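So the protein lines, in turn, are chains A and B.
If you count by our numbering, then the first sequence holds residues 1340 to 2003, one letter each, in order.
If you count by our numbering, then the second sequence holds residues 74 to 381, one letter each, in order.
Everything labelled a hint here was simulated from the structure, so no lab data went into it.
Just so you know, these numbers come straight off a predicted model, no measurement behind them.
We put the beta carbon where it would ideally sit given N, CA and C, even for glycine.
Be aware that a few hints might be false.
Straight line, CA to CA, 20 Å or less: simulated EDC-like cross-link-like pairs of lysine to aspartate or glutamate [as the list claims (entries may be wrong)]:
no., chain 1, residue 1, chain 2, residue 2
1, A, Lys1933, A, Glu1710
2, B, Lys102, B, Asp119
3, A, Lys1890, B, Asp119
4, B, Lys126, A, Glu1669
5, B, Lys102, B, Asp272
6, A, Lys1933, A, Asp1708
7, B, Lys100, B, Asp119
8, B, Lys227, A, Glu1669
9, B, Lys109, B, Asp119
To give an idea of the interface, some chain B residues facing chain A are shown, with a C-beta separation under 8 Å as derived from the structure [what the hints assert, rightly or not]:
no., residue
10, Arg108
11, Val129
12, Gly169
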Amino acid sequence: MNPATLALAAPACLLLGALVSVALGRRSGAAGTVAVASCSIAAVLGGASAIEVLRTGMPWGWTSAWSLPWASLSFGMDGLSAFFLAFILVLAVPAAAYGRGYLAHHGGSAWTSASWAFFQILVASMAMVVLARDGVLFLLAWEGMSVASFFLVIYDHGKPEVRSDALVYLVATHLGAAALAAMFGLWGREAGSLNFHALDAAFPGGKVGWVIFLLAFAGFGSKAGLAPFHIWLPKAHPAAPSHVSALMSGVMIKMGVYGLMRVILLTGNPPRGWGYTLLGAGALSAVGGVLYALAQHDIKRLLAYHSVENVGIITMGLGAGLLARTSGMETVAVLALCGSLLHVLNHGLFKSLLFYSGGAAAQAAGTRDLERMGGIMRRMPVTGGAFLVGAVAICALPPFNGFVSEWLIYSGFFGGAIQGAGAPSAALFVAIPVLALVGGLALACFAKAFGVAFLGEPRSEGAAACREVSAWMTLPMVFTGAACAAVGLGAPWAIRLVAPAAQALAGIRASFPWEAPDGSGPLYAVVLAGWALLALVALLLGARRLLLRGKTVTVEPTWGCGYAAPTPRMQYTASSFAQPLLAPLARLMRPSLKKRRPKGLFPEKASYASHYEDPADRAIFDPAVRLFERLATVVRPLQQGRLQAYLLYVLLALVALLAWEVLT
Amino acid sequence: MTLPWWNVGAVLPALLLSPLLLGLMGKTKALVAGRKGAPLLQPYRDIIRLMGKGAVYSRTTTWVFRAAPAVSLASILVACMMLPAGPLDAPFAFAGDLVLFAYFLALARFAVIAGALDTGSSFEGMGASREAAFSAFAEPGFFLVLGVLALKQKALSLGPILGGADVITWDGQTPPLVLAAVALFLILLAENSRIPVDDPTTHLELTMIHEVMVLDHSGPDFAFILYGSALKLWLFGAVLVSILLPGGGPAWASMALFLAGMAVVAVLVGLVESIMARLRMARVPQYLSLAGVLAALAALLLMAGGQP
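Generate coordinates for the entire structure from the input sequences, incorporating the hints supplied.
See the structure below:
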């Protein structure tokens, strides 16, 4: 079959699955199984067509007239779309399987079946977003994605906080969509059509070009969760069921990254200023995201802030690529862009893994609060091991996948800094310590999350009563964990998924010399170091076994430094763990601390609570809401619920229109 | 992609001599304090003795605790393979290995921190938290130092970066290099849990950082930890010595110079430990930002000096 038919069959299959899911009504378990099946079939179809395009390097396009005004039914696939299509469809499968297990204890309900339908609509519309080659079609798919994900977030609509958080998401995503509509409008006016072919040829330079870029930056940035457009992210992810959080955080926010990359591809020759903007915004997101992640006690909110951080890293790579491209350093640009694109894949893998395992632990322990978990590793070994793999991968530590993509991005920074000259090189040099700081903070944050939630003694009765979850939930963890290891230990092969897109973004038409010493050749060495590590660990463990043979090995309580009656409540807490990192930054982050110090010779009660409010909430979101409320109060008298008044409005409007028609 | 595997001998000095650094440091401190001190070879004896012992594991711990020392030592060993020793080139050298070097050291740290948190001890949690925090603050400085060296040598591999980098033969570029070396020395003290950041000889668990994290390790596991920290000190010392000392000349001469330099670093750390008190915990971030600022200054000087 030709790749176009295959690719379009994938969303069709998903939409069909959505219909079947709804039709199943109260049998929501079966609806979930249908979703797993349709996602698997779609992954095979879409994956096959994407691999065909990546292998042959032959993009395709397909256009037909459409009855919608200014629209045409255009689809197409190039290297960028192929990578994203495979990424979306393959990662949807474990998410669906995990959700099948996660929602099992909710019992059968029509609402759960509907939620499965929305799940498949979300995946289908993401596939349509990357295949669309027309502005109107793109916006329609984009809207489908936003609405479907809103209904997924609001699954637990019985809880008031879920309703309000989902509402924030709905508003944020539509503000973003409005920016995108304006962007397409402005650009389409120059091009005379909204078809991507027409847009490609007609990108206006100068001020209009900058306005288009800033609109794209705001619209796509708000979907991607770039600071300061990220406010919805730490609210929506904890509110949603875990398989939805995994799909949204791992996959959906990357549609924003796709959008930015698509705009860059369509402009042909992006100005250097965009590179600076993206590098700076990425750095802000990365540092801010990881700092606020450190301050969280809610495991899913912590993971959500890490998405802000990782999208920041991806954007830094993209910005570095643009800077290098506009300074004539193509090799460096390809390295940074490969890193950026590979980090899209890697973040999708390890963030899904972390949401699966973190969500399973939270469900089993009955709380998302880190301070009430603990000791889960002993009780849920697969889940705990999965979280550990995810934690090591997201901290960009070898031998897992996160390291490979960050290494590529670092290579871009270092390469740009030493090869070029002037401001672009200086900017890339400055990015090096920023990424290093982010790496150090992420390590601290995941040492905290993993150590406090999974290691030690259980800190609550719920945590003590944890049991390992079903195979529906553990198998997706094993799959994504294995994929993290596979990308980390087989990077020279994984890079082929992103290389065509990276070359296109770097502005290189010819095939890139991958085996050249200054190219990706060292990637083999990076991977070899990972294998060497595994071999050495095995060797040392074997040596220890030999050394301990015949010796006494005893199991005793933890050394309490002389104290004989420790309780689990005396373990170091997550807030204490983060304190030495956050205390020096108190002036910057402005936490609200509630302290009750112990008093007197026989102190009875003491307490300490810390809460870090997001500065974007404080500085942007809250004032905006207040302004909107004030405006609403002004307009409110119009809305009285009296029919006569409404009839009057209709009459007045008619008269005004008539007058306008007559006078002009 | 071929790696210079035949250089595998370059790892030997680190493997064989790194515990001697600890011995030298201890001897220096003892002599300054007017004591006789433990013999120079005491760290070797400690490690060998621990290898022969049984082990005690905490009831709370999981496989994470048991894997931590092996993972930590293994990743430090991989880092060792990327570092040239004086005139000997590293066996594992390629463009970009400097990032890999830093991240393998980070993996070693993550393993020890996870092992500490696995015991559920509040003291070990405290140590883990401080180690994580101070290393995070030290990381930008360390990468800036690496960046300065890469910028000067126009290379991305530790071999060429360190091989040609020496204060003495660098016409006109001495100030940034000296600044980078000072920054690196400050980071060396912090990363290796030395005064003024951490006091390895303190007797109160509350005030320890690194030592308290490994309280529950025993037997071969503790030997791995001990040997790992000796190797880590060697790695940082080797980078520092390579910046400061000239290369070239006959191989035996530069090897001797390199080893003498390592001994000087050990004595220097011992002297710092003898004459300084440790900083208050709240002051450590400032100390580490000082290292970062010095390195940034070095970068600035280098960039300004490099422009026509």
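Hint-by-hint comparison with the structure:
no., hint, result
1, A:Lys1933 / A:Glu1710, "17 Å, holds"
2, B:Lys102 / B:Asp119, "18 Å, holds"
3, A:Lys1890 / B:Asp119, "18 Å, holds"
4, B:Lys126 / A:Glu1669, "57 Å, violated"
5, B:Lys102 / B:Asp272, "13 Å, holds"
6, A:Lys1933 / A:Asp1708, "18 Å, holds"
7, B:Lys100 / B:Asp119, "15 Å, holds"
8, B:Lys227 / A:Glu1669, "17 Å, holds"
9, B:Lys109 / B:Asp119, "18 Å, holds"
10, Arg108, "27 Å, violated"
11, Val129, "5 Å, holds"
12, Gly169, "5 Å, holds"
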